[in-house]
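Engineer: What follows is each chain in one-letter form.
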Amino acid sequence: MEVKSLTEQKSLLATLSPGKRTRLRRLLFEFGPGNGTLMLLPIDQGIEHGPRDFFPNPASKDPEYQFRLAAEGGYSALACQIGMASRYYPDYAGQVPLILKVNGKTDIPSSADSFSPCNASVEDAVRLGADAVGYTLYVGSPRQDVDLAQIRQVRADCERYGMPLIVWSYPRGSAIDKKGGKDSFYAIDYAARMAMEMGADVVKLNYPKLGDSDKDAPAPYNELQVDQSEAVRQIVESAGRSLVVLSGGSKVDDETVLGHTRSIMRAGGSGVIFGRNVWQREWSEALEIIEQIKETLLTNVSRIP
Amino acid sequence: MEVKSLTEQKSLLATLSPGKRTRLRRLLFEFGPGNGTLMLLPIDQGIEHGPRDFFPNPASKDPEYQFRLAAEGGYSALACQIGMASRYYPDYAGQVPLILKVNGKTDIPSSADSFSPCNASVEDAVRLGADAVGYTLYVGSPRQDVDLAQIRQVRADCERYGMPLIVWSYPRGSAIDKKGGKDSFYAIDYAARMAMEMGADVVKLNYPKLGDSDKDAPAPYNELQVDQSEAVRQIVESAGRSLVVLSGGSKVDDETVLGHTRSIMRAGGSGVIFGRNVWQREWSEALEIIEQIKETLLTNVSRIP
Amino acid sequence: MEVKSLTEQKSLLATLSPGKRTRLRRLLFEFGPGNGTLMLLPIDQGIEHGPRDFFPNPASKDPEYQFRLAAEGGYSALACQIGMASRYYPDYAGQVPLILKVNGKTDIPSSADSFSPCNASVEDAVRLGADAVGYTLYVGSPRQDVDLAQIRQVRADCERYGMPLIVWSYPRGSAIDKKGGKDSFYAIDYAARMAMEMGADVVKLNYPKLGDSDKDAPAPYNELQVDQSEAVRQIVESAGRSLVVLSGGSKVDDETVLGHTRSIMRAGGSGVIFGRNVWQREWSEALEIIEQIKETLLTNVSRIP
Amino acid sequence: MEVKSLTEQKSLLATLSPGKRTRLRRLLFEFGPGNGTLMLLPIDQGIEHGPRDFFPNPASKDPEYQFRLAAEGGYSALACQIGMASRYYPDYAGQVPLILKVNGKTDIPSSADSFSPCNASVEDAVRLGADAVGYTLYVGSPRQDVDLAQIRQVRADCERYGMPLIVWSYPRGSAIDKKGGKDSFYAIDYAARMAMEMGADVVKLNYPKLGDSDKDAPAPYNELQVDQSEAVRQIVESAGRSLVVLSGGSKVDDETVLGHTRSIMRAGGSGVIFGRNVWQREWSEALEIIEQIKETLLTNVSRIP
Amino acid sequence: MEVKSLTEQKSLLATLSPGKRTRLRRLLFEFGPGNGTLMLLPIDQGIEHGPRDFFPNPASKDPEYQFRLAAEGGYSALACQIGMASRYYPDYAGQVPLILKVNGKTDIPSSADSFSPCNASVEDAVRLGADAVGYTLYVGSPRQDVDLAQIRQVRADCERYGMPLIVWSYPRGSAIDKKGGKDSFYAIDYAARMAMEMGADVVKLNYPKLGDSDKDAPAPYNELQVDQSEAVRQIVESAGRSLVVLSGGSKVDDETVLGHTRSIMRAGGSGVIFGRNVWQREWSEALEIIEQIKETLLTNVSRIP
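Respectively, the protein sequence lines represent chains E, P, V, W and X.
All residue numbers for the first sequence refer to our numbering, where the first residue is 1 and numbers rise by one.
All residue numbers for the second sequence refer to our numbering, where the first residue is 1 and numbers rise by one.
All residue numbers for the third sequence refer to our numbering, where the first residue is 1 and numbers rise by one.
All residue numbers for the fourth sequence refer to our numbering, where the first residue is 1 and numbers rise by one.
All residue numbers for the fifth sequence refer to our numbering, where the first residue is 1 and numbers rise by one.
Hints listed in this document are in silico derivations from the structure and should not be mistaken for laboratory results.
Keep in mind it's a predicted model, so treat the numbers as computed, not measured.
Careful, some of the hints might be misleading.
Each pair may be met inside one copy or between any two copies, as identical chains are not told apart.
Here are the simulated lysine to any residue pairs, SDA-like style, with alpha carbons at most 25 Å apart [to be verified]: (1) K215 <-> R52; (2) K209 <-> S229; (3) K251 <-> I289; (4) K178 <-> S250; (5) K215 <-> P56; (6) K10 <-> R52; (7) K10 <-> L128; (8) K178 <-> A112; (9) K209 <-> Q228; (10) K178 <-> S247; (11) K178 <-> R143; (12) K251 <-> Q292; (13) K10 <-> P90; (14) K209 <-> H49; (15) K251 <-> S213; (16) K251 <-> P220; (17) K209 <-> T256; (18) K215 <-> P58; (19) K209 <-> D107; (20) K10 <-> G129; (21) K10 <-> G94; (22) K209 <-> E48; (23) K215 <-> E230; (24) K215 <-> F55; (25) K251 <-> G181; (26) K10 <-> E72; (27) K215 <-> K251; (28) K178 <-> Q228; (29) K209 <-> V252.
The task is simple: from the sequences and hints, build the whole structure.
Structural biologist: Written out as structure tokens, the structure reads:
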């Protein structure tokens with residue numbers, strides 16, 4: 001079975017309220033590459049994994065490291081939880097935009113019934129001067145009923161305050177594990193659509209991993225013949241007018257980092273959100289890869305937001 | 001055992017508050033066939049099934065496709081979730097009425113304990129200029145306690161804002177599976193009555209599938225000798241004054257589409273809500289079947305709403 | 001072990017607030033038999049059992065049937081759920097009082113953990129001009145914690161609005177099944193007391209079925225030697241000042257209907273609430289049994305409400 | 001291991017707000033024995049056990065019996081649930097103070113996960129003219145999370161309205177069963193402290209039963225050598241400034257009733273709350289034992305409240 | 001694998017709102033050692049363990065003992081639950097600051113799904129004149145979703161009222177038991193970071209116990225070669241700008257008490273919170289160890305708060 005392409009997506013910004021438009025334009029055009037793309041620095045691994053990710057570069061354990069990197073590296077925005085935002089962001093206010101991640105959890109218990117509870121509010125984001133809110137949605141989790149009810153409130157508050165909503169859209173839980181797994185094309189494609197349907201302004205997606213497990217996915221995914229770049233193009237389309245940023249995951253070599261960046265941009269994506277791949281590097285090396293990512297975003301843009 | 005017919009149902013509109021009447025009249029008389037019937041286009045498959053339903057007609061993946069089809073095909077209304085309504089409806093405001101579907105979920109986890117959480121509010125519908133609200137009720141699910149408490153709030157808000165309530169009334173869950181299944185006459189008949197009892201203005205029902213599993217249903221269903229058209233007539237009666245629209249399901253041939261349409265209209269129904277059977281077709285073919293459905297609705301009406 | 005009788009109960013009306021007294025007097029003295037008794041017509045079987053109860057008399061499927069019967073038969077009140085009350089009661093407003101049943105559920109899932117969620121509010125009852133509210137309490141269900149919290153709110157709202165509270169007090173769930181079952185003297189007696197303790201103005205009870213299963217009930221019930229009439233007298237006493245009405249159940253012969261009516265009245269009860277035993281009959285037969293029930297209530301009253 | 005005594009507890013009344021002090025003084029000094037002790041009559045057995053406790057004295061089934069007994073016997077207060085308080089207390093208002101028990105449940109389901117939901121509010125108590133609120137806390141139940149959240153609200157409302165809080169502090173549930181049982185010294189001692197920690201003004205405790213099961217309790221309880229009177233003294237100490245009243249349980253002989261009363265008073269307790277031991281007796285016998293209990297309270301007081 | 005040190009943490013007080021700063025300065029500079037360290041006395045063992053901890057020193061069972069000790073021993077603050085704070089703190093108001101512990105539970109049920117429900121509010125703390133609020137977070141518990149939602153509200157209320165938030169950050173539950181246990185370096189290190197991420201001003205941590213179970217922890221913890229002092233230094237770093245106080249646990253010898261105190265202070269911690277190690281001693285012995293702890297805090301301070 002062959003898949004075909006859509007016509008070009010219309011502008012997202014054109015559909016946004018003044019508050020959302022003001023704030024999202026700040027990320028797209030006033031900070032970061034500045035050409036309508038997003039280069040985001042996440043530092044929520046401390047809550048999601050504990051301090052273990054900081055060992056490869058002990059300096060990264062001090063939140064100052066990421067805040068300074070985001071400001072000096074010229075990021076579109078930095079994303080973190082309420083504790084760090086309250087204690088470390090004040091020193092960088094105005095130097096780099098803030099995305100307040102409003103939910104999160106430890107990875108100590110099993111992820112079979114994943115759900116990420118809110119530990120902060122959209123009002124907290126407003127109070128702290130943040131320019132967007134981040135929310136992790138566990139698509140297809142057996143506890144989706146609680147998750148969808150929770151994102152409803154966050155979305156409504158975002159509309160009320162004119163705050164852009166960025167959804168970390170992650171397939172997760174025991175049910176998706178039986179249908180090809182959380183990294184399959186089917187799973188990521190569903191996650192892209194789901195975030196759009198829930199009202200995301202920007203969707204953060206993982207890079208799909210094609211492979212044997214796809215045969216456990218529902219038709220027609222179980223028999224699709226697509227390569228990586230086509231799969232990436234498809235998931236960007238599934239997000240519709242919502243902007244797509246690709247997330248990284250554990251540290252890989254430079255060429256993979258830049259290759260993935262090119263891949264998402266050519267597919268119509270709007271940027272990347274790499275954490276460990278950046279701040280697990282020593283300061284000068286980190287600035288170096290940041291420069292290369294930025295260059296890739298500047299030269300591979302294919303969509304007007 | 002033989003079953004007999006009721007006297008004709010009285011008017012629904014006569015019982016409605018000014019707000020509900022104004023909005024529902026818009027769907028019944030100002031848009032669509034315009035003769036008091038409903039031709040509705042649903043595009044909630046993206047959340048309920050993921051993007052898999054868009055592969056047969058890749059153009060359908062872009063929500064523009066359905067919105068344009070609804071406007072140009074002359075639909076009574078289009079039904080979708082909050083994300084699509086927020087991003088795509090503004091371009092079609094005034095051209096086709098909107099039904100905001102306020103609950104939904106992925107079909108990744110098992111449906112044994114089905115429950116569909118609200119991801120939007122009746123207030124969202126008011127704000128977006130919608131003319132009705134859609135709600136999926138999983139009749140007989142082991143989690144009906146949560147579902148019924150949730151629809152109570154939606155119904156009350158609909159009354160408060162004069163917003164018509166359309167109930168997707170679906171038997172679902174492990175318990176109905178043991179009593180003849182979700183498509184049995186017993187199940188659909190119960191679903192029709194249940195929606196009416198919960199205050200639905202319009203009920204969306206599936207076409208009952210008569211067969212062997214009916215023998216597992218409670219008496220007298222387990223020994224009824226009814227044919228399809230009689231069964232359809234019965235379920236329409238069970239909905240009382242609530243208007244009934246028949247839903248489609250996966251794509252079937254033209255004759256089945258039109259046959260089902262005739263069947264529901266002759267039974268006293270008020271229209272159809274076919275999604276995949278319409279938008280999984282290429283543009284001109286889609287317009288063609290739309291025309292035929294409309295013609296069928298115009299020529300087979302048997303009830304004054 | 002022998003059981004003895006109480007002194008006569010004091011008046012219930014004397015203890016009620018003006019709003020409750022006004023409304024309950026309407027049921028007791030202005031409609032129905034009019035001598036301080038209650039002849040109630042329930043039509044909540046559509047939600048509790050689905051349409052299956054309407055097959056013996058197809059005309060009964062149209063809610064008009066019961067409303068017309070209640071008005072023309074001279075009932076004290078008709079009890080139904082929100083959907084029917086909204087669509088059918090307006091035509092009969094002022095002709096027969098309305099009891100809005102505020103909770104209900106399908107009987108598709110198992111009743112092991114019975115709980116009946118509210119699908120309407122006391123405010124709905126006020127808005128619709130109802131004269132009482134009905135609530136089903138599943139006495140002894142493993143989910144009694146949710147049930148008791150829910151009835152608390154209904155009771156408080158009833159007090160706030162001066163609305164009489166009628167409790168369908170039904171032993172139910174896996175725990176009572178192990179202690180003699182839901183129809184045992186122990187179970188019904190407990191249900192009577194429980195409703196009174198929760199603030200019921202009127203209690204609807206099932207007729208106790210004495211038999212072998214009583215030996216599984218706690219002492220002294222497991223060794224009591226009481227006959228039916230004594231058991232009925234006891235459960236009426238257990239309800240204290242709350243008025244007791246006996247419910248019917250599935251259709252039985254005329255003599256049983258009238259015998260049960262005499263039985264509850266002689267025991268100090270205040271009336272009956274028979275549904276299927278009345279509206280499963282063809283129109284003229286229904287009016288006939290109604291007349292006989294009314295006569296029985298008029299001639300067997302033993303308590304001043 | 002030997003245990004030693006504390007210095008005398010300071011006054012509770014001295015720490016109370018004006019509202020609590022006014023109401024609690026009424027129970028301690030204006031009604032009942034009047035010497036700063038509490039003689040309380042509970043009639044919540046109808047909800048907790050059903051009518052079975054009334055068979056030994058059928059007259060006790062009519063709530064009038066207990067209200068009249070409380071008024072004529074000169075009790076400090078009568079404790080009951082909302083239904084009885086609403087219907088029967090009005091006739092006795094001003095003759096005997098009322099304690100409104102705000103939570104309760106049937107004992108039909110298993111007590112492994114005990115939780116007693118609120119069926120009335122502190123506002124109900126204020127409205128009814130009650131002088132205190134009663135709350136059952138199931139110490140150590142697997143559902144303590146819900147229980148502690150619920151008592152928090154009751155306590156806060158009691159503070160808001162100046163209403164004394166009397167805690168029925170009962171060890172209960174599958175966990176305590178494995179650690180010596182609900183009647184062990186360990187369990188009762190923990191319950192005493194817990195009630196104090198949760199803000200009880202008065203604690204109702206059961207009489208500890210020393211025995212073999214104590215060896216399953218945590219150290220040092222599993223090896224303590226204490227007699228009954230020492231154990232009672234200890235639990236009174238564990239309640240700190242909170243006043244302690246001893247509860248009765250099923251009916252025992254006169255000497256045990258009076259012995260327990262003496263025991264709690266000599267240990268620094270403030271009174272007793274005996275139900276079945278009083279109202280399961282015929283009227284004159286009941287008045288007789290009441291007189292003896294009152295005499296014991298008057299002659300054995302050892303603590304200034 | 002070797003781990004390296006961070007640069008010195010910046011000041012916490014500099015980031016706090018006026019209300020938090022005022023109150024926390026009171027603990028750091030006006031009471032206790034007064035040099036920017038914290039010497040805290042906890043008396044929440046009565047709720048968490050029952051009275052069993054009071055047997056070694058029976059005088060400690062009377063809450064007066066700890067309050068008097070805190071005031072006369074010159075503590076920075078005393079931490080207790082609402083019941084004790086309401087009844088015993090008034091006599092010591094102004095003599096020693098109060099930390100109101102707002103959640104707690106008995107340890108009777110299993111700790112596999114630990115969750116500690118709130119039994120008091122931040123408003124209670126304000127009303128009682130407390131200078132901080134204490135909250136127990138069970139890091140990694142299967143019920144973290146409820147816990148994180150609860151601490152969100154407490155944190156938000158603390159911000160609203162300018163009340164410092166002290167988090168008892170305890171790894172707990174069945175999941176952490178399988179990954180090295182609640183006392184492993186991995187677990188305590190995660191707990192330190194988690195408390196900071198959730199917005200703690202001060203974090204209370206247990207002393208990590210290095211040992212065999214570390215091999216079950218995730219990489220790189222399973223192969224780290226660190227000694228105790230390095231582990232303590234690491235966990236202090238993981239808490240970032242949040243101040244760290246070390247908790248004690250069951251009673252140990254004097255040298256261990258003082259050694260742990262030196263250890264946490266040299267690692268950049270801000271003090272200690274020892275309960276049983278202090279108040280399980282007879283009065284004069286208790287004052288003696290208090291003096292030694294205070295001396296240690298005065299001479300080993302290495303961080304400006």
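Engineer: Work down the list of hints and note, for each, if the structure agrees.
Structural biologist: Hint by hint, here is what the structure shows:
When the C-alpha separation of K215 and R52 is checked against a cutoff of 25 Å, the pair qualifies only between copies, where the shortest distance is 14 Å, while the shortest distance within a copy is 34 Å. For a Cα distance limit of 25 Å, the shortest separation of K209 from S229 inside one copy, 11 Å, qualifies, whereas the shortest one across copies, 43 Å, does not. Within a single copy, K251 and I289 get their C-alpha atoms as close as 12 Å, which meets the 25 Å cut-off; across copies the closest is 50 Å, which misses it. Taking identical chains as interchangeable, the C-alpha atoms of K178 and S250 lie at most 25 Å apart whether they share a chain (24 Å) or sit on different chains (24 Å).
When the C-alpha separation of K215 and P56 is checked against a cutoff of 25 Å, the pair qualifies only between copies, where the shortest distance is 19 Å, while the shortest distance within a copy is 37 Å. Taking the closest pair of Cα atoms, K10 and R52 come within 25 Å of each other only across two copies (22 Å); inside a single copy the shortest separation is 42 Å, beyond that limit. Taking identical chains as interchangeable, the C-alpha atoms of K10 and L128 lie at most 25 Å apart only when they sit on different chains, with a minimum of 20 Å there against 32 Å within one chain. Taking identical chains as interchangeable, the C-alpha atoms of K178 and A112 lie at most 25 Å apart whether they share a chain (11 Å) or sit on different chains (16 Å).
Taking the closest pair of Cα atoms, K209 and Q228 come within 25 Å of each other only inside a single copy of the chain (8 Å); across copies the shortest separation is 42 Å, beyond that limit. In this homomeric assembly, K178 and S247 come within 25 Å of each other (Cα to Cα) only inside a single copy, at 23 Å, whereas the closest approach across copies is 30 Å. In this assembly of identical chains, K178 and R143 lie within 25 Å of each other by CA distance both inside one copy and across copies; the values are 16 Å within and 23 Å between. Taking the shortest Cα distances, K251 and Q292 sit within 25 Å of each other inside one copy (16 Å), while across copies they are farther apart (48 Å).
In the homo-oligomer, the alpha carbons of K10 and P90 lie at most 25 Å apart only across protomers (13 Å), although the nearest pairing inside one protomer, at 36 Å, exceeds that limit. Taking the shortest Cα distances, K209 and H49 sit within 25 Å of each other both inside one copy (22 Å) and across copies (21 Å). Proximity of K251 to S213 under the C-alpha cut-off of 25 Å is restricted to the intra-copy arrangement: shortest distance 23 Å within a copy versus 27 Å between copies. For the identical chains of this complex, K251 and P220 are inter-copy neighbours only, at 15 Å across copies versus 32 Å inside a copy, given an alpha-carbon limit of 25 Å.
Taking identical chains as interchangeable, the C-alpha atoms of K209 and T256 lie at most 25 Å apart only when both belong to the same chain, with a minimum of 14 Å there against 40 Å between chains. Taking the closest pair of Cα atoms, K215 and P58 come within 25 Å of each other only across two copies (21 Å); inside a single copy the shortest separation is 41 Å, beyond that limit. Taking CA atoms no more than 25 Å apart as the test, K209 paired with D107 passes in both settings, with 22 Å inside one copy and 22 Å between copies. Only between protomers do K10 and G129 lie at most 25 Å apart by alpha-carbon distance; the minimum there is 22 Å, versus 29 Å within a single protomer.
Within a single copy, K10 and G94 get their C-alpha atoms only as close as 31 Å, which misses the 25 Å cut-off; across copies the closest is 20 Å, which meets it. With identical chains, the CA atoms of K209 and E48 are at most 25 Å apart both within one copy (22 Å) and between copies (23 Å). When the C-alpha separation of K215 and E230 is checked against a cutoff of 25 Å, the pair qualifies only within one copy, where the shortest distance is 18 Å, while the shortest distance between copies is 42 Å. Only between protomers do K215 and F55 lie at most 25 Å apart by alpha-carbon distance; the minimum there is 17 Å, versus 38 Å within a single protomer.
Taking the closest pair of Cα atoms, K251 and G181 come within 25 Å of each other only inside a single copy of the chain (21 Å); across copies the shortest separation is 28 Å, beyond that limit. Taking identical chains as interchangeable, the C-alpha atoms of K10 and E72 lie at most 25 Å apart only when they sit on different chains, with a minimum of 19 Å there against 33 Å within one chain. Proximity of K215 to K251 under the C-alpha cut-off of 25 Å is restricted to the inter-copy arrangement: shortest distance 23 Å between copies versus 28 Å within a copy. Within a single copy, K178 and Q228 get their C-alpha atoms as close as 22 Å, which meets the 25 Å cut-off; across copies the closest is 37 Å, which misses it.
With identical chains, the CA atoms of K209 and V252 are at most 25 Å apart within one copy only, with a shortest distance of 15 Å there and 34 Å across copies.
Of the numbered hints stated above, none is contradicted by the structure.
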